[in-house]
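Trainee: Chains as they are written, first to last, in the working numbering: chain A, 1 to 476; chain B, 1001 to 1224.
The set of hints was computed from the structure by calculation and includes no laboratory data. Remember, predicted model here, so these are calculated numbers, not experimental data. It is possible that part of the hints are untrue.
[Stated by the list, open to error] Ranges of calculated distance between the beta carbons of each label pair, as one might list FRET restraints: (1) W445/A to D1046/B: 53 to 63 Å; (2) R130/A to G1114/B: 17 to 27 Å; (3) R1029/B to P176/A: 17 to 27 Å; (4) S303/A to D1006/B: 14 to 24 Å; (5) R1014/B to G422/A: 43 to 53 Å; (6) A1170/B to A48/A: 12 to 22 Å; (7) D1006/B to E304/A: 24 to 34 Å; (8) D47/A to V1207/B: 25 to 35 Å; (9) R105/A to G1114/B: 17 to 27 Å; (10) V1207/B to P193/A: 19 to 29 Å; (11) P412/A to R1029/B: 46 to 56 Å; (12) A1024/B to E10/A: 31 to 41 Å.
For each residue, glycine too, the CB sits at the ideal point set by N, CA and C.
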Amino acid sequence: MEIRSMHFVERVRQRLDDDELQRNLKRTRGRNAASRAAAVAAFPDFDAVRQRATEIRRSVLRDLDVWLERFEAKATERGATVLWARDGEHACELIADIAKRHGVRTVVKSKSMVSEEAGLNAALEAAGVRPVETDLGEYILQINDNEPPSHIIMPVIHKSKEQVSELFARVHGTPPKTDIEALTHEARAVLRPEFLGADMGLSGGNFLIAETGSVAIVTNEGNGRLCTTLPRVHVALTGIEKVIPTLEDLSTLLRILPRSATGQALTNYVSMLTGPKHAGDPDGPEHMYFVLVDGGRADLLGSEFEDMLRCIRCGACMNHCPVYQTVGGHAYGWVYPGPMGSVLTPLYQGLEKAKDLPHAATLCNQCGVVCPVSIPLPELMRRLREKQVECGLRPWSERLALRAWAWVAGRPKLYALASRVGVRYLRWLAGGRDRIQVMGLAPGWTAQRDFPAPAAQTFRELHAARQAAKRQGGAR
Amino acid sequence: MSGTRDDILGRLRRQLGRTDATRAEAQARVEAVLAARQCGPRAPSDALVERFIERARAMLSTVERCPAESEVPAFCARWLAAQSLPLDLVVAPPFAHLDWAGAGLRMRVGAADGDDRVGVTGCFRAIAETGTLMLRSGVDMPPVNSLLPETHIAIVPVARIVADMEAAWADARSEWGNAGGAEGGQGWPRAVNFVSGPSRTADIEQVIVLGAHGPFRVHLLVVG
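Chain B extracted, bound-state conformation (with noise of 0.2 Å):
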């Protein structure tokens, strides 16, 4: 087993001509490039949340602006029931706070399963350039909220708006500790997914079909 490694890393070193003196030469290299966390090209960063707005449309989310997150459930009902929905949702533990019942819903906290028809989840960030969901993964944050319900409908505050990845990895350093050092904050997530809009494929003549395995629809409520 090392033994292929070492051959590998062996010959790699081989190919590149390696010797002591170049492979201190590139150590150092590579720590100076981590270190440096060099940025290519940049998204604008003015009228973040339009653009996100816009871009989160054009990748095929629906997106309603909500005044507070006192207002989601009510939003959500008038949402579902608009689009012939079920009214019953899975709900991420950071949202059982809200009167869900109050706006006529029936739901559970916790992890979706096989059966469940509509998830709820909020978001660590959302990205302007792209109109992307960025979803961690965590004890309050299952990622299967996202994933397998057939509707997936995303809590998303105006504040969580950023303008492009690069942005969205700087916050989540500093909320979630260096991920290339030490361990700080709450520790990186097992899971960064980012979301744009539903699930779909074009693996037949190249038409574009919605809900390939994941959800047929996502709805965005941007709140404030």
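Here chain A stands alone, though its shape is the one from the complex (with noise of 0.2 Å):
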């Protein structure tokens, strides 16, 4: 997908100056972290399983190499075909390849934001043959010209059931329904059909298990079931950090991966595929392939932002965010918004080319509290700022205020004299009042919001006023 995380701030601006979008946003706004709440609530060992999880994520990286050594052995041992691809492109040509060798006209797709990282279904198109994307909220984005999902897991959060229903009339030429329901079996009846013909499924998945060499799928519409049982070669494409020991430790996965998305104990449906159909078997693929995408993965180990290559795709972090909630998705310009894309982006696709996203927070943390695989994202956005410091990637301007901050800091009596004239400039624009609405120097700062007054003394002159009230004291 082509990144647009450059335009970050006309992005933010277009999307809180688009009122519909806005409703659609305030809709569900805060409805999945009250779900997650209340999951948790209802689970008496989340901290515990949390824990173990992140041991067992973190367990994978440490040894990462060995571990897709095993997990590639042991899928080649039950029939299935293992391709490394060293970013999305390649990965394009490689399916696209499978494509060809088996004759394949029609994909359906199941949900993978890998490739969406990919481009894939462009790619495909390209090579002459459909992908038909079947995740009702993918669907949606397909049909409207190709549209970009604004979540990782609810991709049309940002619309409407009037813009699907517009949306729906237009593309089958069915009449116009506001009904929910009414639009889910819709298109349901549009893409049965394209299940039953499909020549290859693709999916992404969730997990990879070196135990059995399976690719478990976590899904609740049971398309991913049917992109992976009816059409003759699945192609399953995923990232090479989605390794997992054992059966066990996928046990321990379920029970925070759904729980964290949606609030859900389970979805409805998990599925693990372990090779192509057996002799005998009445359906199931012939041919099973996975394709593992590097795409700046291994850039990433050993590096100090490994723990974001834990992070299991939940998208609690942007359900938990205040700028995400406010802003939407698409504002972030590429496939992961949120905090997780605001670390993501810039470590996959350039540092230059994301500078606004690890700004784009307050650094509440929310995102940190809940993530399920405990990645520290408030102090990996940290890190990505100090990082464009060094790399000489802040304006100037920013430089040389920074600068002349660390000169005057370095000078104690001076540092005195600027914070004492500082504070009486803003005790003056503050007028009395308690807060300051437009600030001086930079009104935008106080476009939203007031600007706290600051205390009439400063801390030094507070301190030296104390200590001389004591030592008077003491005298007496």
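Assembling the complex is the task here: the two chains are given apart, and the hints tell you how they should meet.
Mentor: Okay, here's the thing in structure tokens:
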């Protein structure tokens, strides 16, 4: 997917001014956070499970090379073919080759964020293969001129039923309906023949299980099952970091993934797929492929950003992020929005292409608190800010200001004078009130909020006054 | 092709600072983890049947107790009639011997296609913690029967209800052979599907709608 994160600030402005989007975002705001909170509260040992899940993901990363070899050996033994892709583009080539080899004309897809990274749909179309998204949300986006998703598990959270209704009426040539159930069943009726007729099914992979050489797929709609059962070829496309050791580990991770994502105790379907169909099986694909994508992941291993590789793509961080909840996912400009996207986008696409994202946070740490695998997201965003400074990516005005501040701060007397002057200035702006409504030199800061007025005395003045009082008291 | 594989693995090793010695240590750690199969915090293992039924209902399956397997056809017929659903079934082979015709049902044995309206399956295990069916694929167990028809009826013998997924995997390993080692038993199936109630979506305005792509309803007959 083409990156637009460099235009973050303009994109945010557009989204804040988009009344329809703001209405849509408001409709569901906080709902996922509430569902998660209820699910976590109803589960006695959530913190212990979270700790164990963190440990599992950490232990895999420590030996990721060996775990991947182990997974590959097991999957191959079970009759699957394991392919490796250096990046999204390479993954597209490999999948187009598979399609060609098996004479594939139509691919039914269940949700895969890695396929969004790779821009797979466009690549398949270019290769003469027709991709059909089957997750309801992804299908809506595909027929809306390949609009990108705005959330990693609820891709059309930014749309209203009226917008979907209008789209369905236009594309399906049916009378408009605003009943959500009717819309859902209309999509079901359109997609059922696609499942039955497709030559290839493409899925993502929530977990790769090293013990068995299997992929585990978590869905609610059942499209993941259909995509991996009916067509004669199944391709599982996922990142190299998704390996977990055992079936016991899968059981642990399944206790936290759905609860963190949607507040469900378990998703409706969890499918664990191991190799192609066996002799005599009445259904299942004849060929099974894994395409394991690097796409910047290997470089994070052993780095100060390694924690990010633990991510299991639940979306809890964005569901709890005040910035995401206000601007929506599209503002972020690439595949992954919210806090995890603000970390991944610069790391996978280049620091210079997503300069604003690590700053698109108040570092309130809601995301860090709810992350089921304990990723310190605010800390990672802070490190990215540091990296920007190290790489000279911050604007000259900011660099100059910081240099000036450092120069002043290194001279205590000057610093005390400057802060005295600063406090007087701010109090003059406040004009006797306890807040400043228009910040003199930086009016943008107070466009949406007030700035608290400082106390009458600086800390140093207060301290000096108290010391003086103490001395007097002592002398008495 | 293998160039990319070696390049990715090589980079991972470099990033991890692997030497021959640490590689041997890593291999030993991996083998130890696979052998230990450490469990995380688990579900309670008492009152399994009651817990299963309660959780299954919470996941929007409907549940009925049925005293014996031989009575399954009559229970199916009564429930289908009450729901005004068709009385034609596609039945997984292990249940072909039941007297379906005697209960007034028309049935076909085998794998469902796009036209079947009601699919009947058993289950490998049922999981009390989440009210979940664990279904395996196989010659006599087509996964399509729990997927393509609009209605899925599953036969759940009480003896197959276990506390949690970990317990189910332990049973799977002993019946199918050790997935991590040599083949034994019936072999590891291509697909293991965990099913918790009817197919659903909340993609539009987060309103839950049943029957997204899979069954609109899942009816469980807890037998015994």
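Trainee: Look at each hint and say if it fits the structure.
Mentor: Right, here's what the structure says about each hint:
no.: 1; hint: W445/A to D1046/B: 53 to 63 Å; verdict: holds (59 Å)
no.: 2; hint: R130/A to G1114/B: 17 to 27 Å; verdict: holds (20 Å)
no.: 3; hint: R1029/B to P176/A: 17 to 27 Å; verdict: violated (59 Å)
no.: 4; hint: S303/A to D1006/B: 14 to 24 Å; verdict: holds (21 Å)
no.: 5; hint: R1014/B to G422/A: 43 to 53 Å; verdict: holds (49 Å)
no.: 6; hint: A1170/B to A48/A: 12 to 22 Å; verdict: holds (21 Å)
no.: 7; hint: D1006/B to E304/A: 24 to 34 Å; verdict: holds (26 Å)
no.: 8; hint: D47/A to V1207/B: 25 to 35 Å; verdict: holds (31 Å)
no.: 9; hint: R105/A to G1114/B: 17 to 27 Å; verdict: holds (19 Å)
no.: 10; hint: V1207/B to P193/A: 19 to 29 Å; verdict: holds (25 Å)
no.: 11; hint: P412/A to R1029/B: 46 to 56 Å; verdict: holds (53 Å)
no.: 12; hint: A1024/B to E10/A: 31 to 41 Å; verdict: violated (54 Å)
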